[in-house]
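Following the hints, position chain B against chain A.
Number of protein chains: 2
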Amino acid sequence: MLAGLNFATLLLSVAVCQGSQYKDINSETVSVDQGSTYGSLWPLPQQVSLSEVSFKLSSSSFRVVDAEGSSAGPSCNILQNAYRRYYEYLFGNARKTGHFKRKAARSELSELQVSITSGDSDCDGYPGATSDESCDQMYFTGLETFSQLVYEDEYGAKSINSSKIVDFPRFQHRGILLDTSRHFLPIKVILANLEAMAMNKFNVFHWHIVDDPSFPYLSRTFPQLSQMGAYHPYTHVYTPGDVKMIIEFARLRGIRVVPEFDTPGHTQSWGKGQKDLLTPCYSGSTPSGTFGPVNPILNTTYDFMNLLFKEISEVFPDAYVHLGGDEVDFNCWKSNPDIQKWMDEHGLGKDYAKLESFYIQKLLGIVAATKKGSMIWQEVFDNGVKLPADAVVNVWMGSGLQGEMFNVTAAGFTTILSAPWYLDYISYGQDWQRYYKAEPLDFKGSDAQNKLVIGGEACLWGEFVDSTNLTPRLWPRASAVGERLWSAKDVTDINDAYSRLSKHRCRMVERGIPAEPLFTSFCRHEYKGN
Amino acid sequence: MLAGLNFATLLLSVAVCQGSQYKDINSETVSVDQGSTYGSLWPLPQQVSLSEVSFKLSSSSFRVVDAEGSSAGPSCNILQNAYRRYYEYLFGNARKTGHFKRKAARSELSELQVSITSGDSDCDGYPGATSDESCDQMYFTGLETFSQLVYEDEYGAKSINSSKIVDFPRFQHRGILLDTSRHFLPIKVILANLEAMAMNKFNVFHWHIVDDPSFPYLSRTFPQLSQMGAYHPYTHVYTPGDVKMIIEFARLRGIRVVPEFDTPGHTQSWGKGQKDLLTPCYSGSTPSGTFGPVNPILNTTYDFMNLLFKEISEVFPDAYVHLGGDEVDFNCWKSNPDIQKWMDEHGLGKDYAKLESFYIQKLLGIVAATKKGSMIWQEVFDNGVKLPADAVVNVWMGSGLQGEMFNVTAAGFTTILSAPWYLDYISYGQDWQRYYKAEPLDFKGSDAQNKLVIGGEACLWGEFVDSTNLTPRLWPRASAVGERLWSAKDVTDINDAYSRLSKHRCRMVERGIPAEPLFTSFCRHEYKGN
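The listed protein sequences correspond, in order, to chains A and B.
To convert, note that position 519 of the first sequence is 519 in full-length UniProt numbering; the numbers rise steadily by one, no gaps.
To convert, note that position 523 of the second sequence is 523 in full-length UniProt numbering; the numbers rise steadily by one, no gaps.
The reader is advised that the hints may include incorrect statements.
Heads up, the list lumps identical chains together, so a pair's fine if it works in one copy or across two of them.
[As the list claims (entries may be wrong)] With a Cα cut of at most 27 Å, we get these calculated DSS-like pairs of lysine-lysine:
1) K272 / K503
2) K334 / K244
3) K272 / K371
4) K437 / K275
5) K334 / K437
6) K164 / K489
7) K350 / K444
Calculated from the structure, these hints are not laboratory results.
It should be emphasised that the depicted structure is a prediction, and the values quoted were computed from it without experimental measurement.
Next comes chain A alone, as it looks inside the complex (with noise of 0.2 Å):
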């Protein structure tokens, strides 16, 4: 996979997936003041070759265009989208001056040709999850680069430097992971978020959606597990049309929406909506009143399960859904009768592992009838549920990573790390640098196996943020994930990190992201709310 950004007269754009180019009319040299090597590049391209020769940009007679024989035109939204997200994010507010089609000037950057040179034209689809497919994704993230390579020079006009940059990510799972439940985040903190992440060149959302403290899905075939199980039924639900939104807002951005619905554990919410759906825990032989997991004795679980992961792979276009299977506690379990009975008559006897397994193994088979993938937590790989190969692991624990790591890919299987990036964990200082330097590859494993590590993920569990202080708590952190996860192995310069991260943070600070400082500093234009 290759995707090359070209920008000079003579340069030609030659890609397997996507190039830009971009035709000047005349080119007087001129110098300009570089700051760092790499400028505010994040995540750093994979080549990057900068030269001194700039060209001015013009709001009035800029144009972003459809290269000739692009395999995408104007009809394509998605691109056309793209270029005005990208228009404004580079000329803001700028009141026009003169004609709008003057002729352009000397040293003057015109046009942006797009060109789109992979064989898929259908630019309705949604982002896809293997490599090939992520190509499309590279739309965006070609754009996102040659924004940042426009700076302002002393006089505010907006410049650009004759450049070639080759580009495509290391790893192509890049996922942020927002989790809904602990707290409620509004509609438009979700997509200020998905904003963020086109910046950072993102391209999973991974939709913590529910959990024990409340289920804000609205589910059309069972309303009544958000109108008994959200904070509130009205104002704390995604309603239909909110998730609809939110996907094709991520669409646009090439952004992929993967929903998790945790099982049969972090359940507590789906039981005040749905009878009998969770086991009953006993205290000596009566019923406690508490409840426990999902009760995988039932048949009327598995015809439950069986209409909701219906409903969730219509309403949710990507073809992975991610079922949890963390953090399941035995002791509701081991406190039923049922339950005991049960095992017992199935040969189960006091492995309760097992029986946790008996319930993800026909889980998995409910989703895969509806032809979804399935990417679940690392226990259910480690309690030796029989996984389909498509299956995808998420590794969380951070406690015998390595080996965990080498053991899922010695299975086999496809994994995403997420064990370094709990950004939920802050601490004082520039932690940043931690969830920078860490290595997805940083285990004993074969070729083979480091191949199936497809990606990784940042998350930020919901105890301790809401709309208040999401934003500017994953933003920069998680950028510095961005760049592990997007960038060449050997990028680990951390005083060059800064200076582009800095650079970088205020850019998201102009373009509307309170993204918070890496340390003492300030930007041009500091963040006003808005």
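Using the frame of chain A, we list chain B on its own:
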């Protein structure tokens, strides 16, 4: 000092400083669900007695009025401003229904009578530093308490229960330190935090306005200080008009503004605009081109300080100025041959602490001549500087804290405690509990020594906060400090505090302050930005 906020027909307000009372027309008993014993009161008043008799408040007929015989009337602008502010907090964007001056219904609270019984009726004054003067600030805290007693019943009707509150602060000095040098804070952010301070009954804004990284204070006398020393001479400065507005905004909320101009260390930014102010450091026998603390051996230094602090004394109406005096690095002084020669000539030998004291001693004289009191960080006391009797020592070092508190108060100096409340040090989880548990009088002092501890300050140093994240990082963590400094010493029940603080933080959110969550939870009205 005693202030009473009493409301119920038969209760009579008797208060030394101030009293508010209300009069209701009828008093039909309505039972309400009280939740936590003290509802959402924060900080907890000194005496609270809540009944189950409830009254409704109507946005169209409810009035806040000056009681008969009150020493403050309609011409008192701070009171009128406060009435408007609290009316808006209570009723938000309530649409008028029916006639505005309709007759109050049964079970309705129609009027809050505010009776000011202190002699001081000068509503144009600034909040004072002494305990007598601080009675004025009770105008606001009484209204805040009243507003905290109002709740919405299940039909959304504003209601209040008949209650008796007697209230006064345990400590008279309850401050928040914000640092506008490491990151510039837009005025909007400072004002929002002054609002939040009032909601938490803080009454001192300790404005650490300049420091090494930048000098945003625009001095009329020495404009080059900010022209050269600010991050940007126009966009990152506080003009005289800005400062005046901030002081007035604070005054209208009973908040003092104590500016800190920290010297002789922490002054790198000063050197950019003021030639010869800082000590040239030497590398061997030649100047290295870098600079150290303020140069204490030049007369020009004191001429400069004389003029600057004269201006400061005029710009800032508060009775105190904070002179800093912390963390002076002696290395540069040690390297400089002129300093060494001068010390030899003046019999200081190699005792650089004495040199620092020489400087501070002269500065204290300069400030005393402007009729202002001085606050200083603890090192000034530790170094044996002869302090004026009214100096206030600010204790900030965590190690040896109890000994320091003992020594400062044993020497007869008024003390303010900041050490346990450095809120820039973040950690995972509910660190507000640590701040809450810190007890200012937790050292073995006599009663007389205890009385010298007039309060404390929550400090949010600026390395890692700016306008993107400051407000949610400060609140409600600083609220924990607020209750410790306001409420009785035995108010230490962490579960009760959690319950009240959770509601208080949602109230702050509803009032537009993005106060972050304590833990997994929801607010009826989530923060939606603005």
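Here's how the hints hold up against the structure:
no.: 1; hint: K272 / K503; verdict: between (48 Å within a copy, 24 Å between copies)
no.: 2; hint: K334 / K244; verdict: neither (41 Å within a copy, 68 Å between copies)
no.: 3; hint: K272 / K371; verdict: neither (29 Å within a copy, 67 Å between copies)
no.: 4; hint: K437 / K275; verdict: neither (47 Å within a copy, 43 Å between copies)
no.: 5; hint: K334 / K437; verdict: neither (42 Å within a copy, 39 Å between copies)
no.: 6; hint: K164 / K489; verdict: within (20 Å within a copy, 67 Å between copies)
no.: 7; hint: K350 / K444; verdict: neither (35 Å within a copy, 58 Å between copies)
The structure does not agree with the numbered hints 2, 3, 4, 5 and 7 stated previously, though it agrees with the rest.
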